[in-house]
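> The primary structure of each chain is shown beneath.
2 protein chains.
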Amino acid sequence: MMTDTSSEPHPSRTKILDASLQVIRARGYSATRIEDVCAEAGLTKGSFFHHFRGKEDLAVAAADHFGAMAERIFSAAPYRQLPDPVDRLLGYVEFRQSILDRPVPEFTCLLGTMVQEAYDTHPAIREACDRNISAHAQELQRDIVEAREVHASEADWTPESLALYTQAVIQGAFVLAKAKGSHHVAVQMLDHLQRYLRLLFGRSDPRPTPP
Amino acid sequence: MMTDTSSEPHPSRTKILDASLQVIRARGYSATRIEDVCAEAGLTKGSFFHHFRGKEDLAVAAADHFGAMAERIFSAAPYRQLPDPVDRLLGYVEFRQSILDRPVPEFTCLLGTMVQEAYDTHPAIREACDRNISAHAQELQRDIVEAREVHASEADWTPESLALYTQAVIQGAFVLAKAKGSHHVAVQMLDHLQRYLRLLFGRSDPRPTPP
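Residue numbers (our numbering), protein chains in the order written: chain A, 2 to 212; chain B, 2 to 212.
Simulated from the structure, these hints should not be mistaken for lab results. Hints should not be assumed to be uniformly reliable.
Which copy? The list can't say, so a pair holds if one copy fits it or any two copies do.
Within a straight-line C-alpha distance of at most 20 Å, the following computed DMTMM-like cross-link-like pairs (lysine to aspartate or glutamate) qualify [said to hold, decoys possible]:
no.: 1; residue 1: K16; residue 2: E57
no.: 2; residue 1: K16; residue 2: E128
no.: 3; residue 1: K181; residue 2: D102
no.: 4; residue 1: K181; residue 2: E107
no.: 5; residue 1: K56; residue 2: D131
no.: 6; residue 1: K181; residue 2: D131
no.: 7; residue 1: K181; residue 2: D65
no.: 8; residue 1: K181; residue 2: E41
no.: 9; residue 1: K181; residue 2: E150
no.: 10; residue 1: K181; residue 2: E57
no.: 11; residue 1: K46; residue 2: D85
no.: 12; residue 1: K16; residue 2: D58
Sequences and hints are given; from them, build the entire structure.
Here it is as structure tokens:
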């Protein structure tokens with residue numbers, strides 16, 4: 002998913018991308034200066050411009066870097082091994098909740114942060130954010146298709162819309178966590194998402210059973 | 002709710018606040034320059050600095066201006082007259098959907114946009130956004146308290162958390178609308194919120210009945 006198509010990205014490039022995740026999530030895209038990212042990465046502006054044409058180029062690559070990181074984290078999470086698709090969906094939300102217990106800039110979403118402010122002024126950033134949010138939703142959509150066939154085959158909603166809805170709730174939970182300066186409200190919001198999924202798939206037990 | 006406590010705010014002040022709503026929702030807080038707001042308002046920087054100490058001062062006043070505008074719009078909406086609290090909640094979501102059919106910068110939320118990027122760097126803006134999001138949620142909370150007593154008195158969720166959840170879904174729907182450059186996904190997301198509320202309050206009919 003990275004714009005650098007070589008199989009082994011240069012270590013400085015990766016350092017800059019990792020640094021940009023921290024700085025942009027803490028300050029937003031527009032307030033982030035290339036100097037801030039270089040300082041966070043411990044690299045020079047010369048090194049930066051060796052790898053990126055400018056800040057927008059960095060942001061597009063950072064969106065793909067963030068998407069690839071999320072894919073690694075979620076595909077390796079224990080809930081992915083659960084045999085039942087409803088358990089995997091509920092497990093996904095629970096796993097999301099389990100990784101919220103840290104400072105706000107560390108659990109919030111680079112993609113939602115950047116697209117919120119840059120959607121109209123930077124079409125390339127909007128497109129990169131959409132691509133990575135949608136790719137993450139498509140992973141969930143597979144489980145939703147399976148779960149819907151077994152438990153909700155007559156439902157009047159589409160798997161695509163429900164997959165996107167999980168992401169809308171998560172993005173909104175991050176906005177409220179930022180407004181309230183705490184992850185606690187985000188945990189509560191994901192409890193409601195859990196409850197909705199249980200209601201849709203006829204699960205009355207409060208938590209997925211272990212495998 | 003405005004920081005100007007006089008009963009009749011100066012017309013230039015209101016012009017600047019209205020202009021800031023448009024510019025910040027289109028570009029984000031950090032990318033907005035005072036010059037942009039003055040140009041949109043058709044006023045000089047001298048006029049601006051007569052009313053505001055600077056951009057952060059404007060943003061805090063704009064959050065309260067936006068909150069007051071929302072209060073006027075929602076308190077005058079027809080669904081507020083419905084006698085049943087569940088009908089009012091479902092009517093709120095439907096009304097939200099009905100005002101999405103316009104360009105993205107015109108239906109998205111100033112508060113969610115600003116807090117997304119400024120939450121950590123501008124505590125006064127974070128506080129103003131939280132205050133106005135929470136005030137809007139508290140209006141819904143009254144209906145939720147009533148509806149819960151009648152239809153869900155044994156529920157394991159609090160009215161406060163459900164009121165905030167409606168706002169999380171709306172904020173997340175705006176993030177997705179920005180990512181996809183269309184209000185259609187936001188309409189779909191609010192359909193899911195409608196369905197959740199109907200499930201919680203035992204409403205199987207797809208829409209609230211007219212009074």
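> Hints first: check each against the structure and report whether it holds.
Hint check:
1. Proximity of K16 to E57 under the C-alpha cut-off of 20 Å is restricted to the intra-copy arrangement: shortest distance 17 Å within a copy versus 33 Å between copies.
2. Taking the closest pair of Cα atoms, K16 and E128 never come within 20 Å of each other, the shortest separation being 23 Å inside a single copy and 33 Å across copies.
3. For the identical chains of this complex, K181 and D102 are intra-copy neighbours only, at 15 Å inside a copy versus 30 Å across copies, given an alpha-carbon limit of 20 Å.
4. For the homomeric pair K181 and E107, the shortest alpha-carbon distance inside one copy (15 Å) is at most 20 Å, but the shortest distance between copies (25 Å) is not.
5. Taking the shortest Cα distances, K56 and D131 sit within 20 Å of each other inside one copy (18 Å), while across copies they are farther apart (30 Å).
6. For the identical chains of this complex, K181 and D131 are inter-copy neighbours only, at 6 Å across copies versus 26 Å inside a copy, given an alpha-carbon limit of 20 Å.
7. In this assembly of identical chains, K181 and D65 lie within 20 Å of each other by CA distance solely across copies; the values are 17 Å between and 29 Å within a copy.
8. When the C-alpha separation of K181 and E41 is checked against a cutoff of 20 Å, the pair qualifies neither within a copy, at 26 Å, nor between copies, at 31 Å.
9. For the homomeric pair K181 and E150, neither the shortest alpha-carbon distance inside one copy (39 Å) nor that between copies (28 Å) is at most 20 Å.
10. Only between protomers do K181 and E57 lie at most 20 Å apart by alpha-carbon distance; the minimum there is 19 Å, versus 30 Å within a single protomer.
11. Taking the closest pair of Cα atoms, K46 and D85 never come within 20 Å of each other, the shortest separation being 50 Å inside a single copy and 62 Å across copies.
12. Taking the shortest alpha-carbon separations for K16 and D58, only the intra-copy value of 15 Å comes in at or below 20 Å, while the best inter-copy value is 36 Å.
Violated hints for the displayed structure, listed by number in ascending order: 2, 8, 9 and 11.
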